[in-house]
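Make the full structure from the sequences, and use the hints.
What follows is the residue order along each chain.
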Amino acid sequence: MSWVVNFFSSSVGKKVIMSLTGLFLCLFLAVHMSGNFLLLQDDGGLAFNEYTKFMTTFPLVKVVSYITYAFIIFHIVDGIMLALNNRKARPVKYAVSKPSNSWQSRNMALLGIVIFFFLVVHLKSFWFELKFGHVPMDANQNKDLYSIVYEAFSQWWYVALYLVSLIALGLHLSHGFQSAFQSLGLNHSKYTPFIKGFGLLFSIVIPLGFAIQPIFVFLKATGRI
Amino acid sequence: MKLTLKIWRQRNSNDKGKLETYPVDGITTDMSFLEMIDVLNQQLIKDKKDPVAFDHDCREGICGMCSMVINGRPHGPWEGTTTCQLHMRAFKDGDTVVIEPWRAASFPVIKDLVVDRTSFDKIIQAGGYISVNTGNAVDANSLPIDKTNAEDAFDAAACIGCGACVAACPNSSGMLFLGAKVSHLALLPQGEPEREKRVLNMMKTHDDEGFGGCTNTGACEAECPKGISLTNIARLNREYMRAAIGSEEEVR
Ligand code: SF4
Ligand code: FES
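Going line by line, the protein sequences match chains G and V.
Letter by letter, the first sequence follows residues -6 to 218 in my numbering.
Letter by letter, the second sequence follows residues 752 to 1003 in my numbering.
Think of the hints as simulated: they come from the structure by calculation, not from any bench.
Treat the numbers as computed from the prediction; the structure is a model and nothing was measured.
Hints should not be assumed to be uniformly reliable.
With a straight-line Cα cutoff of 20 Å, these simulated SDA-like cross-link-like pairs (lysine to any residue) come out [claimed, not checked]: (1) K948(V) to V(-3)(G); (2) K843(V) to D789(V); (3) K81(G) to V56(G); (4) K81(G) to K843(V); (5) K91(G) to A841(V); (6) K91(G) to G831(V); (7) K55(G) to S27(G); (8) K86(G) to A856(V); (9) K86(G) to D766(V).
Output of the computed footprint for chain V on chain G, the stretches with three or more beta carbons under 8 Å from beta carbons of chain V [to be verified]: (10) 83 to 89; (11) 150 to 160.
Ideal Cβ placement from N, Cα and C applies to all residues, glycine included.
Given below as structure tokens:
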């Protein structure tokens, strides 16, 4: 099995891990974002709580969520290893540099760190509360996560934190999505323009979708809509 | 025209090195960048100072020796041009020009602007060859080769091994060079016998020599004087996966 280890520790192998986990997490983002639109339903959160129950108890979804946790960890650990290795490859920096590549492509690690800290706050507020905290019950005897979300998003600074993190996510995706295909060797004159275009669209739509939810709840909680 | 040059001076590989400022005068627009440094060196020699060491050989854009980062860009401001082919009309009277060597752990500075690119030679040695039978020369065009493949292989073969891709890459990765070298043989029937072994060995040498990994920023492609494209890196990734996962070859 040493060939597997050798493959994944080569610079291409590390990128394969980065791209496969990254693309899986893109899928996760799409699902997570669509589901959360139930927050916009005007039923005091009943549908959202029902959905939460399904997502946290249905066995198949549970398996997928464990895979997601694992992939997030792989993505982070592999990213750290890549970043450290790449740093080591240039011990002396240039006095003057005029980069011809995009800012986000050079700062994927920085953007990743911002997203990581967001993730910690996000998981603490909702995931941790739901699992270990005290959550009231709603009218259908489901855990009322909606009330916790509602409370969190009624604070402007909490919403602001989300919006900043979503910008970081958008930038991360704008490079990461198409980059994942290139890392997997999928660069083709017929498909690459589509992949690039879709990646750009994806990096706008996903953060935008995620941004609508806290903004909507905030406006509702503060009586503006 | 008059210029202010800020040039990296470093006595040897153990010296720390620093940027030194030199004014030069009497530069004409039709001089090449290297001729401009020649002018400076004449002046330094006359003043009994150590002239600036820099690599150069062909001075016609084919040997890949003239490595220097000019105002933050490998081979200077012109696209698809080596330093020796860069002309002084790219600059204005009174400009300040900062000249630095390639910066990479795998390209240690020998002196001033001269770096040691043995690491590239090692990559070539690890797989940049093919098996041919000796004996009578075979008929030209006896091997049918698809036109697109022939063209892509030729484009990849245009790499002159200058190392600007490494110098431009934020990770000092040698993937564009490696991608070009692997592609040019992988696309042709002559490269077939060593196809898997080649990419595995060359990749291993690339990593062992301390180059960084590719993060697809595209800086290499933008700075490559020979227009080597990123598709070669994608092909390299494919070739590597194909060899590592899909062949009997050992992955070291
Ligand atoms: S790929 Fe381009 S920049 Fe890199 S060594 Fe070859 S010619 Fe130079
Ligand atoms: S000196 Fe040969 S390429 Fe510039």
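Here is what the structure says about each hint:
A C-alpha spacing of about 16 Å is found between K948(V) and V(-3)(G), which places the hinted pair at or below 20 Å, so the restraint holds. Proposed proximity of K843(V) and D789(V) is supported: the alpha carbons are some 19 Å apart, at most 20 Å. Note on K81(G) and V56(G): the hinted pairing is violated, with a Cα-Cα distance of about 38 Å set against a maximum of 20 Å. For the hint linking K81(G) to K843(V), the alpha-carbon distance of about 37 Å lies beyond 20 Å, and the restraint is violated.
Restraint check for K91(G) and A841(V): the C-alpha separation of about 16 Å stays at or below 20 Å, so the hint holds. A threshold of 20 Å between alpha carbons decides the hint, and for K91(G) with G831(V) the separation of about 16 Å falls inside it, so the pair holds. Between the alpha carbons of K55(G) and S27(G) the distance comes to roughly 18 Å, so the proposed pair stays at or under 20 Å and holds. Note on K86(G) and A856(V): the hinted pairing holds, with a Cα-Cα distance of about 11 Å set against a maximum of 20 Å.
A C-alpha spacing of about 16 Å is found between K86(G) and D766(V), which places the hinted pair at or below 20 Å, so the restraint holds. With 7 residues having a beta carbon nearer than 8 Å to a beta carbon of chain V, the stretch 83 to 89 of chain G meets the requirement of three or more and the stated coverage holds. Restraint check on the stretch 150 to 160 of chain G versus chain V: 0 residues with Cβ-Cβ distances below 8 Å, three needed, restraint violated.
Hints 3, 4, 11 from the list above are not met by this structure, while the remaining hints are.
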